[in-house]
Structure formats: C-alpha cells, structure tokens
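Read off the chains here:
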Amino acid sequence: MAIGVEKMYESPTPTVVEFIGRAGNYFWEFENFGLTFPGYYALYMTAYMNRFGATEEDFCKVAVKNHYYGSINPKAQFYGLRITVDQCLKSRYVAWPIKLYDSSPITDGAAAVILASEDLARKITDTPVWIRSVGVATGTANLSKRPDFIGLDAAYQAAEQAFKRIGIEHKDTWKYFDVADVHDCFTIAEVMAYEDLGFVERGMGIQLVRNEQTYKGGLIPVNLDGGLKAKGHPIGATGTSMAVEMTKQLRQGVEPRDRQADIYTGWALAHNVGGTGHYAYVTIYSLDKNGSPRVKPKR
Amino acid sequence: MVMSLEAKYEEFWRQSIKQLNEVVKATGLPIAPDEKGQYSLWYDVREMRLRFSISVERIKRFFDGLREGKVYATKCRRCGRYYFPPQADCPYCRASDMDWVEVGGEGELLTYTVINTKPLTYSHYPDYVVAIARMREGFNVLAWLRVDDPKRVRVGMRVRLQVVRREPEGYLTYEFVPVEQ
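In order, the protein sequence lines correspond to chains A and B. Each residue of the first sequence is one higher than the last, beginning at 1 in my numbering. Each residue of the second sequence is one higher than the last, beginning at 300 in my numbering.
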C-alpha cells in the first residue's frame, strides 16, 4: 500500500506562505526577494498572458470548471461550493495576476493505493489498472536560469519519456486519453500542463479553456475530481490522490456519474509537479496490459 | 517608512507566550483553538528560534562587489558561459576557473509579479514587484523592481541593475530600476 498524507489546514496562513516560499531557491529568491509560491507561478502567468493574449478571465474559467467538479465530489475540500467567473475576478490578488480563486487552498488530506504484482492483482480484482508508463524529469532550482516562462520544461520532458514508452508521439495527445488529472496548484499551471503534455500546441491551452473542451464530454476531460484547486492540495497526498482518481475513472466507479468520464480507449494520464517545475512526473494508466492506446472515436 | 520586523516580532511572541502561560495556568494544558478558531491545537512549550547560516565563502567576491556598488556574475574562462547567480564551478567544464565580471548595462523585462500576500518575514514591507529580466550578456536576473506604480510595469520594458541598501534591515542587495526612455 502506498499512502500520501498531509496536514496543513490549522497552520496560520503567513506561516504556510513562509514555509512553502522557502521551498524554492532559498537564498537568491526567498531570502532576498520574498517570492511566494503564488509569486513563482504568477511569473509564468504574466509571461503567458503577454505572449498569447490570455486574460485573467480566461484563467478564472479553469477555476470555475474545477470548482464545478469539486462541488460534486464528496471528498473535495470545496464540496458543494461552486463559483462564478465574476466571483473569481473580484477575489483579491495574492500575487498579481494570481488571485485567491486562481489558487489551490491549504488542505488536510490523505490517499492510498494498493500496488501489486500481476499475479496478486488478478487475485484481488477482476479490473486491475496497469501503470503503463512513468516519465520523470527535473528543472532548474533557480527560476531565473530557465529560458522562458510559458511552460514547465520538467513536465514537458517527463511527458516526452512517458509517451515514448507507450509508443505515441508527443503531439495532439488529447486523442489517446479518456481523462487526465493535472497539477493545477494555480490556474496557470493547468493551462501550461495542457501544453506541456501535448494535448494541444503551445499557446493553444487557453483555447481549450475558452471552448470548455476540458469538461466531461470535451476533447479531453481534466480534473473531474475538482483538481488541486477545489478538491484541495494536501501537498504530500496530492500525487497519490491522482492515482486513486485515475483508477476510479478507468474502472468507471466514480460517483456521482456527473463527474465520471466516458471511457473509450481505457487510458488515463496523471501529471504531478514538485516545486515550481523543479521536478515533474507523468504517469500513464490503462485497462490494457499491452499495446499502445487507440485513438478516441470522433464525436 | 518601513518599521523593523524585530520589534513587532518580540511583542508578538511576548504576548503569545504570556497568553499560553495563562492558558496552562487556567486549564493545566497548553491547548487552544487554531487561528481560524475551528480546531484545538497543542502549542509547543519548547521554543526554537532558527536563522539559517549559509556558506558564501566561494562567492565572496560577489558580496565585495556589492560594497563597491557593483553586481558581479561569473564567467567560465574555458567555455565562456556566464553564471548568475554567480557560482564558483562550471558544471559543463567540470572546472573552477572563473572570471568575475560586472553585469553591464541594461536588461529587458521578461516577466513580473506583485507580491500581495506576503510571507511572515516579509510582512513589514509594502507590496513588492518581483521581476525577471534578460540581461544584455544573455543570462537572466531575478530581483525586485523599484517603481512607484506597479501598473506602469510592462513586459519588454528596459531595466538596469543597481546596488541598494535594503531597509530597514540595512544590508546591501541589488534591484532593478526602469531605464528612462
């Protein structure tokens, strides 16, 4: 059994901001310039908005989607709490242009999965979910050493490895997966994930949001559990919770059915980032033990 | 004028410890509600004060530079790569053969943010602009950008580095200032 657990909720917010801020590049970014985690991602959001003409309203639509799914997930921190674009736009800035409603909350949580050999898996379930591929890569500790701020190279490289192992190209990858969980610690992080994972080309992630193509029934449903944004982000439990969610989705065991993705190919993807792209994991799950994913039928 | 954090801290801790002692005296236990008033917490009776000490021996020249009003990068004598923040070793050449070079002139702003919700140890500063600029030499620098109005900051604007004294702590550091067009 693999267990992820974290307890953060009762700590005062300035203390949490302090400790998480110190988890970046300590001396050159925190000690001297007081960067916070929203601040790190805000540097990406500013650059992305400037390069691709995305707006704060676009990013709020990610929050609205994730809150919608969180509101119907009984395990989510924000169960029962939907938000509107307007509420999001009016929420206060925590690190301009990131607002409170662009941010994942401070959360308590835990998740567990059973990892088993093929023999044992077949004994305890008739529907095992296979871990078909894992890609992992690291990025620079110091943000200023990165060439641009419109994607996370560690996530891109992790995806590259993961896709190679299952024999698919790192391009238009939305067509292979029924569902995905991505690391939306901030709304900008979800949009960059769409592109780092090759669902769509660089700069087109925001179009997926505008056209609501990452809701259930869209090109690629993302974060139907509410994501870090609304399910919550108990840091040490988040990765495992994605494994739990992808397993439930593929086995079509999600309740209520409003957040169960339609399963066509039987493949799912989880994207998990540490730090601000200091490292990233891409894990690919499937109902098939062998072979490459088929392409989803046209709708 | 920004007030020192130390006095505020001392007062804050003094009050907290006093309150805690009263709770222990009254109830026999150091248990009180969390900040949000929802859950009971055990407040540690063993205080730990921590400030990191960080080795800068091999990049001392950088800090000497700040005293001279200069910001230095390192440049590998073998491959010509620049390093900022400065580092004493070139991982590409596996060598420690560095020149210390002053960061010249201007840079172009790549991105920025305004920190509104601050860490505890930054809570005594007004909201500050953190920016990353590409310097003329080709490397990036991350620092505060000194502007009166954050709304006038634009990606692509020209900035230069200057050495400043960070108040109220009074230590030397560097920041960006806009280059007048």
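To be clear, the hints were calculated from the coordinates, so they are not data collected in a lab. These numbers come from a predicted model, not from an experiment. One should not assume that every hint holds.
Here are the simulated DMTMM-like pairs of lysine to aspartate or glutamate, each with C-alpha atoms no more than 25 Å apart in a straight line [as the list claims (entries may be wrong)]: (1) B:369 <-> B:305; (2) B:450 <-> A:212; (3) A:75 <-> B:398; (4) A:289 <-> A:148; (5) A:298 <-> A:169; (6) A:7 <-> B:401; (7) B:369 <-> A:31; (8) A:216 <-> B:388; (9) B:335 <-> A:212; (10) B:335 <-> A:18; (11) B:307 <-> A:160; (12) B:335 <-> A:172; (13) A:145 <-> B:407; (14) A:145 <-> B:343; (15) B:450 <-> A:108; (16) A:145 <-> B:346; (17) A:175 <-> A:119; (18) B:450 <-> A:169; (19) B:307 <-> A:31; (20) A:90 <-> A:58; (21) A:123 <-> B:388; (22) B:307 <-> B:466; (23) A:7 <-> B:346; (24) B:359 <-> A:212; (25) B:317 <-> A:148; (26) B:450 <-> A:10; (27) A:145 <-> B:334.
Some chain A residues well away from chain B (every beta-carbon gap over 12 Å; in silico) [said to hold, decoys possible]: (28) 10; (29) 18; (30) 20; (31) 35; (32) 45; (33) 84; (34) 97; (35) 113; (36) 142; (37) 146; (38) 148; (39) 257.
For each residue, glycine too, the CB sits at the ideal point set by N, CA and C.
We went through each hint and held it up to the structure:
1. A hinted pair counts as satisfied when its Cα atoms are at most 25 Å apart, and residue 369 of chain B with residue 305 of chain B does not qualify at roughly 29 Å.
2. Between residue 450 of chain B and residue 212 of chain A the alpha-carbon distance is near 31 Å, which puts this suggested pair outside the 25 Å criterion.
3. For the hint pairing residue 75 of chain A with residue 398 of chain B, the CA-to-CA distance comes to about 56 Å; that exceeds 25 Å, so the pair is violated.
4. Only pairs whose Cα atoms come within 25 Å are accepted, and residue 289 of chain A paired with residue 148 of chain A is rejected, the gap being roughly 38 Å.
5. Only pairs whose Cα atoms come within 25 Å are accepted, and residue 298 of chain A paired with residue 169 of chain A is accepted, the gap being roughly 19 Å.
6. At most 25 Å may separate the alpha-carbon atoms for a hinted pair to count; residue 7 of chain A and residue 401 of chain B exceed this at roughly 46 Å.
7. A threshold of 25 Å between alpha carbons decides the hint, and for residue 369 of chain B with residue 31 of chain A the separation of about 20 Å falls inside it, so the pair holds.
8. Between the alpha carbons of residue 216 of chain A and residue 388 of chain B the distance comes to roughly 51 Å, so the proposed pair goes past 25 Å and is violated.
9. At roughly 36 Å between alpha-carbon atoms, residue 335 of chain B and residue 212 of chain A are farther apart than 25 Å, so this suggested pair is violated.
10. A distance of roughly 18 Å separates the Cα atoms of residue 335 of chain B and residue 18 of chain A; the hinted pair therefore holds under the 25 Å criterion.
11. For the hint linking residue 307 of chain B to residue 160 of chain A, the alpha-carbon distance of about 50 Å lies beyond 25 Å, and the restraint is violated.
12. Restraint check: the Cα-Cα separation between residue 335 of chain B and residue 172 of chain A comes to about 45 Å, which exceeds 25 Å; the hinted pair is violated.
13. Straight-line distance between C-alpha atoms of residue 145 of chain A and residue 407 of chain B comes to about 15 Å, which keeps the hinted pair within the 25 Å bound.
14. For the proposed pair residue 145 of chain A and residue 343 of chain B, the alpha carbon gap of about 40 Å is over 25 Å, so the pair is violated.
15. Between residue 450 of chain B and residue 108 of chain A, the direct Cα distance comes to roughly 36 Å. Violation of the 25 Å bound is thereby established for this hinted pair.
16. Between residue 145 of chain A and residue 346 of chain B the alpha-carbon distance is near 38 Å, which puts this suggested pair outside the 25 Å criterion.
17. The suggested pairing of residue 175 of chain A with residue 119 of chain A is violated, with an alpha-carbon distance near 31 Å, which exceeds 25 Å.
18. Note on residue 450 of chain B and residue 169 of chain A: the hinted pairing is violated, with a Cα-Cα distance of about 42 Å set against a maximum of 25 Å.
19. For the hint pairing residue 307 of chain B with residue 31 of chain A, the CA-to-CA distance comes to about 19 Å; that is within 25 Å, so the pair holds.
20. At most 25 Å may separate the alpha-carbon atoms for a hinted pair to count; residue 90 of chain A and residue 58 of chain A meet this at roughly 14 Å.
21. Of the pairs offered as hints, the one joining residue 123 of chain A and residue 388 of chain B is violated, with about 55 Å between alpha carbons and a cut-off of 25 Å exceeded.
22. Proposed proximity of residue 307 of chain B and residue 466 of chain B is supported: the alpha carbons are some 16 Å apart, at most 25 Å.
23. For the given pair, residue 7 of chain A sits about 21 Å from residue 346 of chain B by alpha-carbon distance, which is consistent with the 25 Å threshold.
24. Distance hint between residue 359 of chain B and residue 212 of chain A is unfulfilled; the C-alpha atoms sit about 53 Å from each other, more than 25 Å.
25. Straight-line distance between C-alpha atoms of residue 317 of chain B and residue 148 of chain A comes to about 50 Å, which puts the hinted pair past the 25 Å bound.
26. Our distance criterion of 25 Å between C-alpha atoms is broken by residue 450 of chain B and residue 10 of chain A, whose separation comes to about 35 Å.
27. For the proposed pair residue 145 of chain A and residue 334 of chain B, the alpha carbon gap of about 38 Å is over 25 Å, so the pair is violated.
28. With a least beta-carbon separation of about 4 Å from chain B, residue 10 of chain A fails to lie farther than 12 Å from that chain, contradicting its non-interface assignment.
29. At roughly 4 Å, the least C-beta separation between residue 18 of chain A and chain B is not larger than 12 Å, which violates its mark as non-interface.
30. At roughly 9 Å, the least C-beta separation between residue 20 of chain A and chain B is not larger than 12 Å, which violates its mark as non-interface.
31. Its beta-carbon lying about 6 Å from the closest one in chain B, residue 35 of chain A breaks the requirement of being farther than 12 Å from that chain.
32. Not every C-beta of chain B lies more than 12 Å from that of residue 45 of chain A, the closest at about 8 Å, which undercuts listing it as non-interface.
33. Distance to chain B confirms residue 84 of chain A as a non-interface residue, since its nearest Cβ pair spans about 22 Å, more than 12 Å.
34. Not every CB of chain B is more than 12 Å from the CB of residue 97 of chain A (nearest about 8 Å), against its label as outside the interface.
35. With a least beta-carbon separation of about 28 Å from chain B, residue 113 of chain A lies farther than 12 Å from that chain, consistent with its non-interface assignment.
36. Annotated as non-interface, residue 142 of chain A brings its C-beta within 12 Å of a C-beta of chain B; the closest such distance is 7 Å.
37. Its closest Cβ contact with chain B, about 8 Å, brings residue 146 of chain A to no more than 12 Å, contrary to its assignment away from the interface.
38. Here residue 148 of chain A does not stay apart from chain B, with its beta-carbon only about 8 Å from theirs, under the 12 Å limit.
39. No Cβ of chain B comes within 12 Å of the Cβ of residue 257 of chain A; the nearest lies about 33 Å off, and the non-interface call holds.
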